[in-house]
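Using the sequences and the hints given, assemble the complete structure.
For the protein sequence lines, the chains are A and B, in the order given. Heads up: the first sequence runs through residues 221 to 502, numbered per this note's numbering. Heads up: the second sequence runs through residues 221 to 502, numbered per this note's numbering.
These are computed hints drawn from the structure, not numbers from a lab. Fair warning: there could be bad hints in the mix.
Copies of the same chain look alike in the list, so a pair counts if it works inside one copy or between any two.
Here are the simulated lysine-lysine pairs, DSS-like style, with alpha carbons at most 25 Å apart [stated by the list, open to error]:
1) Lys-413 with Lys-443
2) Lys-501 with Lys-337
3) Lys-445 with Lys-464
4) Lys-346 with Lys-443
5) Lys-413 with Lys-468
6) Lys-337 with Lys-445
Here's the letter readout for the chains.
Number of protein chains: 2
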Amino acid sequence: MKCSYCSKEGIADIYGKCYCEEHFNKYFLGRVRSIIDKFGIDGRIAVALSGGKDSAACFYALHSLNLELQPFYINLDIPDYSNACQKKAEELCNLLGYKLEVIELNEYGISLAKKKKPCSTCGTAKRYLMNKFAYENECKYVATGHNLSDVITFAFNNLANVNILNFRGNKPYLEGKEEYKMVAKIKPLYWLKDKECMLYAYINKLPYADEECPYAINAPTLKIKEWIHEIEGKQPGIMVNMAKSFWKLEDLMSRDINLNKCKKCGYASYGNICKFCKIRKR
Amino acid sequence: MKCSYCSKEGIADIYGKCYCEEHFNKYFLGRVRSIIDKFGIDGRIAVALSGGKDSAACFYALHSLNLELQPFYINLDIPDYSNACQKKAEELCNLLGYKLEVIELNEYGISLAKKKKPCSTCGTAKRYLMNKFAYENECKYVATGHNLSDVITFAFNNLANVNILNFRGNKPYLEGKEEYKMVAKIKPLYWLKDKECMLYAYINKLPYADEECPYAINAPTLKIKEWIHEIEGKQPGIMVNMAKSFWKLEDLMSRDINLNKCKKCGYASYGNICKFCKIRKR
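As C-alpha cells, then:
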C-alpha cells in the first residue's frame, strides 16, 4: 500500500493511515515532541539506556530533536544478559557520538541473584539509581523508554493485583522536587506502542539487544500485554484513551501523598527509610 | 461432577470448587451477606426492580436474609419492553408477598423516545428517582442489582472513554448524606458475576424478563463485557481483584468532591442545578 502522505511504499498502518519510512519517522517524532512541548522540557536530560529497543528509540528520538542528553547504563550484573545489553548501549552511544556512563549495581552491595523477588528489587534499585545519577550529574530530567504498551500493562497488572498505590508516577511527566533531591521524570514514548518502537529502532538501524531478561521470562505482565494488544486490535485507539484515563487518575490520586526524606540517604521516601536503603540493609 | 461440600450433583464450578444447588445458594447468600455485614446494613431498604434477572436475584437474596424491604419499579415507558418488565417485577413481588410500588417516568414530563442519548438520560433519571423514592418512603438504603460484571464493565468503559469522574460511586456501599437528601446506596451483588446471578435466579425459579432493552442492543459495553469475561476465563479471580482496585480508587478519588444542593429541587448536585432538573427543563 502507498503512504497516505506521499507516493512512497507504506511500511506501517496506524489508526487508519499508511506511513512510508520517512513519514513514519515524522509521526514518531511528532508523538515524542508533543510530550516535550507540553511540559516545556528544556535542559539536560539523563537518558536511561537498557540496551533494548525502547530506550534506544527514546534516545535516538530525543537526539533527533536536538535536546541536551547524557546517556547512562545501569549494569545489574545478570549473567548472560547485562554485559550483552551494555555492549549494545555502548554501540549506540558510539554511533551517535556520546560517552556512556555506567553504574554498577554490585558496587552498592546488592545482588539480584540472591533476592527472592529479583524483579521487585531491580525496579526499586533502578528507580533510585536513575534519579541519583541525574541529580549528581546536574540533569534536570531522567528520560526512560517506557512506551504505551508498558504503561497500560503496568496499570492493568496493578489493577489485577490490587496495588493501587503503584499508580503513582504512571504518566508522561512527573515533576521534580529539589528539596527531596528528586529529578523530574519523563516518558517520551508514552503515546507509542511496542510495535511502533520496534519499527522505529529497526528502520533507523539502531543497535539493540534481542535478549530477554532471564528473570522476566514467565512474568504475568507478558500475558496481560498480550490481552491488551488483542483488545487494541479489535478497537484501535483504546490504549491511548486508557493511558489518558490512567494519567488523570494519577493526577487525582497524587494530591495528598506525604513525602519524607529518608533518614539513611536523604533522598525522597514514602516512609522514614526509603525502599532502596531497606534493600541494602537486608 | 459431585459437589465439593456434599455428595449431591454439582451444577456450578466457581474458583476451583464445585457446587450443588443447595451449596450454590449458600455461596451466593454468603457473598451478599459479606456486604450487608461489612457495612452494618440495618433498616428499611428500597429495592430497585427492573424486571431482569439481576434485580430479581438481589431482591430474593435480601429477602432470604430477612431484611426489611420495599420493592419498587420505575416504568420508563419504552415500547415493547417496560410493561413486560413491570409484569415480571409484579409476579416476583406477588410470589414473595410484597406490594410493588410503581413510578412512572412520564409523570415527570420526560420521554426517552424524544432524547438523542436515551441511555444517558435513562441513567440520570433512574438514579434520581431511585433516591427520591427511597427518601420519601423513609428507607435508609436503595439496593440495586449491579453485579460484578456490570461494575467491571462500567469501569472499563469509563477508562476507554476517559470519563474518570464516572468512577464515583462504583463500589458496594456509598454512604448517604441526610443534609443533601441522599440515601445510602448498596450493591449486594458486587462480588457476583453475570452467570452466577442468572443461575441463582434460575434455580430459585424467580420470574424475570428475557427481553433486552431496545436502546441497549448495540451498546459498546456489550463488547467490553465479552472481553472481560474472556480474560476472567483465562485468569479466574481477576474480576474480583479489579473490583477491589476500582473500589480503592473510588475511595481515593472521592475525598474532595464538592456537593451542592440543586437550586431547583433541593437534592444533591455537583453543579448549581442537578442533571435531572436540567433534563426536565430541556
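Status of each hint after checking the structure:
In the homo-oligomer, the alpha carbons of Lys-413 and Lys-443 lie at most 25 Å apart both inside one protomer (16 Å) and across protomers (23 Å), since each shortest distance falls under that limit. Taking the closest pair of Cα atoms, Lys-501 and Lys-337 come within 25 Å of each other only inside a single copy of the chain (16 Å); across copies the shortest separation is 59 Å, beyond that limit. In this homomeric assembly, Lys-445 and Lys-464 come within 25 Å of each other (Cα to Cα) both inside a single copy, at 18 Å, and across copies, at 21 Å. For the identical chains of this complex, Lys-346 and Lys-443 are intra-copy neighbours only, at 24 Å inside a copy versus 39 Å across copies, given an alpha-carbon limit of 25 Å.
For a Cα distance limit of 25 Å, the shortest separation of Lys-413 from Lys-468 inside one copy, 20 Å, qualifies, whereas the shortest one across copies, 28 Å, does not. Taking the closest pair of Cα atoms, Lys-337 and Lys-445 come within 25 Å of each other only inside a single copy of the chain (21 Å); across copies the shortest separation is 34 Å, beyond that limit.
Of the numbered hints stated above, none is contradicted by the structure.
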